[in-house]
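Peer 1: Each chain is listed here by its residues.
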Amino acid sequence: MTDAAPLLQVRDLKTHFTFRAPSTGVLPGPKRILKAVDGVSFDLAEGEVLGIVGESGCGKSTVGRTLTKLEPATSGEARFRGRDILALSAGAFRPLRREIQMIFQDPFASLNPRLTIEQTLAEPVRIHGLARTREEVRARIADTLVKVGLDPKVMTRYPHEFSGGQRQRIGIARVMIVEPRLVIADEAVSALDVSIQAQVLNLIKDLQRDSGISMLFISHDLGVVRHISDRVAVMYLGRIVETAPKAAIFEKPAHPYTRLLLASIPRIRPGRQPVADLGEPASAASPPSGCAFHPRCPLATDICRSTRPDPVDLGNGRSSACHHAGQLLGEAA
Amino acid sequence: MASTETPAGGAAPVRPALDTPFRRFLSDFTDSRLAVLAAILLVTIIILAVFAPWLAPQNPYDLAVVSIFDARLPPGSQSMDGVTFWLGTDGAGRDLLSAIIYGLRISLSVGVASAIIALTVGMIVGLLAAYAGGRIEGLIMRIVDIQLSLPAVLIALILLAILGKGIDKIIIALVIAQWAYYARTVRASALVERRREYVEAAACLGLSHARIVFRHILPNCIAPLIVVGTVQTAHAIALEATLSFLGVGLPQTEPSLGLLISNGFEYMLSGKYWIAVFPGVALLITIVTINIVGDQLRDVLNPRLQK
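The listed protein sequences correspond, in order, to chains U and V. Take this note's numbering: the last position of the first sequence gets the number 333, and nothing is skipped along the way. Take this note's numbering: the last position of the second sequence gets the number 307, and nothing is skipped along the way.
Chain V with its partners taken away, still in its complex shape (with noise of 0.2 Å):
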């Protein structure tokens, strides 16, 4: 074996490649370990969203499957047909475990989709108010000012007394009670961005408004916009999470984590916590983990703060 290893004194040790910038951001982000323990958890979490159907011990929504002689089961306990319900059941006998990776399933799709056209829409904004200047930027800015002085369950509370109930609605109501923060950190690195030379030089050369803010200030606004559509999917979720307890997001018939929550809520003072705790719980550890990963990904995207 002795043959195979480089000789001692040889030539420079062969260093891994660490500078293409994809090598280097993965680097980066290792270096917290609880990061990556969250990465890792989101990744799992996702995939259980994304496979439940396939994953998930029971469908909670096969009125065949779901028996109301199993309701309000306590953790471990047994169905009639011989199936373990790990986390109890909930006030209908649907198995929790289950409810809760579906639940999943609607907490993550509404908050990644309306963070989606949230950073779409306040994109173009911020953009548009950072390119054009002038009147258009005060106009578009002073509507962002009123914006994130209300606060975002507020607006949503108010839109879905107007719009009424749904996943649709829900996520209207949480890209107008959102597209503010992307406008508002776009429209700042944008602003840096264009008074750089590559942009001046890119009009010198004759290239179109829209080519310009999109192929060259764009793409060197993307950092923050990831960081800041990290955090803010979380806060959409929690957002989502709190108008389904309130009894005005989505309808029983696609129950979420936050409305899981709150058909459990009845129960706990009967000592039946787990019908309300457990769903708790995987809201709070989504919420965390997306949280911990996007502080890990601001630290290591702002050049700033880079070593």
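Isolated chain U, as found in the complex (with noise of 0.2 Å):
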């Protein structure tokens, strides 16, 4: 494998979910499939970060959680250094759990309440025997915990004596403190505080450069993943709709969902016209024919009605899976 080779290449990676219909009578409902992911493909480079932005329910979690294995995948691959971290089994994937860590979402949910801060740290240092006697190990908590910005005293309380960031920066430290290669931050800063966010942002972006970390930034808010991401990549209902550089994306966006994401933002400036209504996303257990973003765009056509359009490069490493992508780079141009 060259240095070029991507760390991490997703291939039309599926997660369906089955689940019944509610009943209308006495007899269990008919089983339906949930495509929560449906056909999903990125590569990420080595110390990239990708932003995947998108609708609660686009399923930007679900690819989060089935790359970390929480989830099974239904099909596709995932290759991680060359190998396919999907078809792995859950003792072969063991070892490699070291170098792929996730950030959770809620502070106050992601710490065992039982143990302290030595303890939850001690933990994966010993089961990837990272350090060996007693003193090893607590200085690396130690360390770890200076790297997040916390007092190494810290380490013998409980997660219920901090705040909300400060729980943020312990979850970090748990990642951060096993040497990853890959992290995915799922919604990692959206359960704070507006005026903490920024602070915790700016953490993971420095422990990401600083240790040269590939990193997976799933969110909903578009002004933090501008802030932390070097691609972007916008899902609507399991599928990625356009990927491309930062810069290209808030600037020319190259489909109307993240046209119509972009103006959605609320903006502090008095006079603009009202922020873009989006409306209620479609359904993913039962999506739309066609173009699954049609019942809501603007541009829509009776192609977009009838076939689904896949994604098309349009160099500069951008990508957008909409009919009229062209149309729409003209008119912005």
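By construction, these hints were calculated from the structure, which means they are not laboratory data. Quantities reported herein were computed from a predicted structural model and do not represent experimental measurements. Incorrect hints may appear among the rest.
Not the full set, but computed from the structure, chain U residues with beta-carbon under 7 Å of chain V [what the hints assert, rightly or not]:
| id | residue |
| --- | --- |
| 1 | F19 |
| 2 | T68 |
| 3 | L70 |
| 4 | R97 |
| 5 | D106 |
| 6 | S110 |
| 7 | N112 |
| 8 | R114 |
| 9 | P124 |
| 10 | I127 |
| 11 | L130 |
Non-contacting residues of chain U with respect to chain V, defined by C-beta distances greater than 12 Å in every case (computed) [stated by the list, open to error]:
| id | residue |
| --- | --- |
| 12 | K147 |
| 13 | R181 |
| 14 | I228 |
| 15 | S264 |
Label pairs and their calculated CB-CB ranges [stated by the list, open to error]:
| id | chain 1 | residue 1 | chain 2 | residue 2 | range |
| --- | --- | --- | --- | --- | --- |
| 16 | V | R195 | U | S89 | 20 to 30 Å |
| 17 | V | F25 | U | R308 | 51 to 61 Å |
| 18 | U | A21 | V | I46 | 49 to 59 Å |
From the three backbone atoms N, C-alpha and C, an ideal C-beta is built for every residue, glycine too.
Dock chain one against chain two, each of which comes alone in its own frame, and use the hints as you go.
Peer 2: Structure, rendered in structure tokens:
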């Protein structure tokens, strides 16, 4: 493998959930399939941050959970350093878990309330054999706590003694202590106060830059994604509709959905037109025919209603799954 | 003396540290005077039971001490040797107070032993059901449902009819009659805990299933287990008394409270009430105090009921 090969290659990833439709009578309802992730492909280079944005329910979190094997994938492959991690058994995947880590959303639920910070952080170190003696483990914990901006003295305390921002720092420490190569941050700052968000976001960015970690940054918040990402992928109903370098996607969106998302960011600027109303997203349990976005799309034509567009390479690292992508780009130019 | 007092208007008064979990638990628990009283009584009963050979006036099993001539003496009467029988004597001439203390010892040890074993069995089965999910969970929970749909006395009676008498047999019967309560309790709270993010985080870190279950999920399910364990201990004691009263529990050589009541019952109609009533009162006090303590534990440990 050459250095240029991406750290993670995801190809046609599908994660479907089966559930029973509500029963109308005595018999159980029919089985339905929810296509939470339905054919997602992307590459992630070493040291790159890819932001994944989309509305709630678009499947962006499921992508992260599938890549950490918290949910089983239905089909597709995800090559990490060339090895398909989705095909690995739980036992074979375990050593790789050190390299692929996840930062969770809710800092109040993601720490075990019964364990001290030291116990919480010592666990990954011991499991992966990163330090032998008690002193070594403790030194490593102290180092990591300093890295995430906490006093090493806090290690004897319990999670309930900390604020949300501090807890999220501890959650980040738990990830960083094993020196991962790939970090999946699932709404890592969404549960925090706006004033704390920026601090934690900068911390994540600094840690990522310093150790050259690749990161999948999943968020519904375009502002946050813009701050941290190198490239951005926009998801709609289980698919990636547009991928582009950060600057390009925010200046010249090549998909009407991205446009709508950008227009929906509230801005504090008097005298401007009101924020665009996104309307309700279609249900992933019964997606529309053709392009899933066509019922909400201002540009929708007959072809959109009948044929689902595949992602088209537009050059400069961009791709868009829209029949009218060319028109959109031309218009904006 | 005035110099040692805190000067008025000085720094904020130093409050006692209430933020350790145990301190908070203690202060919440002592909110109810009844519960405190019950806890003190319960501790007394436990001490009596544990140190029975040193605390009881007489060894009721020592045939050299017990005299048949002292049989069925009313409370407060004296033996031929001048010993006072505060609660009277039973049909064999045993000091009833001593017999009750020794009976408590047997009743409590049977109750506690069966509760601990049933708790362990139920806990493991419940955790397995919650963590494994799917068919295993379905199978386990149906067995639990079947178990809970049959009265515990009936199950124990049938088992004892098959197994025969003896302390070990009655403990086995009580465990089989009660493990399902623990399994259901543990499964309910483990189901909640296993969906929490810290369990997913533990899985992401590559921890083994055993470690996730026992170090992460189980410690967070302990509170309801303690509550159910307390109440079920009381149930086990009552159940054992019932079985002994019916004559299928313990042998005459190891008289528990239930057996004492049963033995005294035949004298009830001849006016010798004390032989059955005093062991009954002792049983009642034991079970009621355990239940009050258990109720208070439930109130204190249940986060949803907290102020």
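Peer 1: For every hint, state whether the structure bears it out.
Peer 2: Hint check results:
1. F19: violated, 15 Å
2. T68: holds, 5 Å
3. L70: Because about 6 Å separates U:L70 from the closest Cβ in chain V, which is inside the 7 Å limit, the hint holds.
4. R97: holds, 3 Å
5. D106: holds, 6 Å
6. S110: Cβ of U:S110 sits 4 Å from chain V, so the hint holds.
7. N112: holds, 4 Å
8. R114: holds, 4 Å
9. P124: OK, holds: U:P124 within 7 Å of chain V, min 5 Å.
10. I127: holds, 6 Å
11. L130: violated, 12 Å
12. K147: holds, 18 Å
13. R181: Holds: least Cβ distance 14 Å, greater than 12 Å.
14. I228: holds, 20 Å
15. S264: holds, 28 Å
16. V:R195 - U:S89: 20 to 30 Å: holds, 24 Å
17. V:F25 - U:R308: 51 to 61 Å: holds, 59 Å
18. U:A21 - V:I46: 49 to 59 Å: holds, 56 Å
Checked against the numbered hints given earlier, this structure breaks hints 1, 11; the rest are met.
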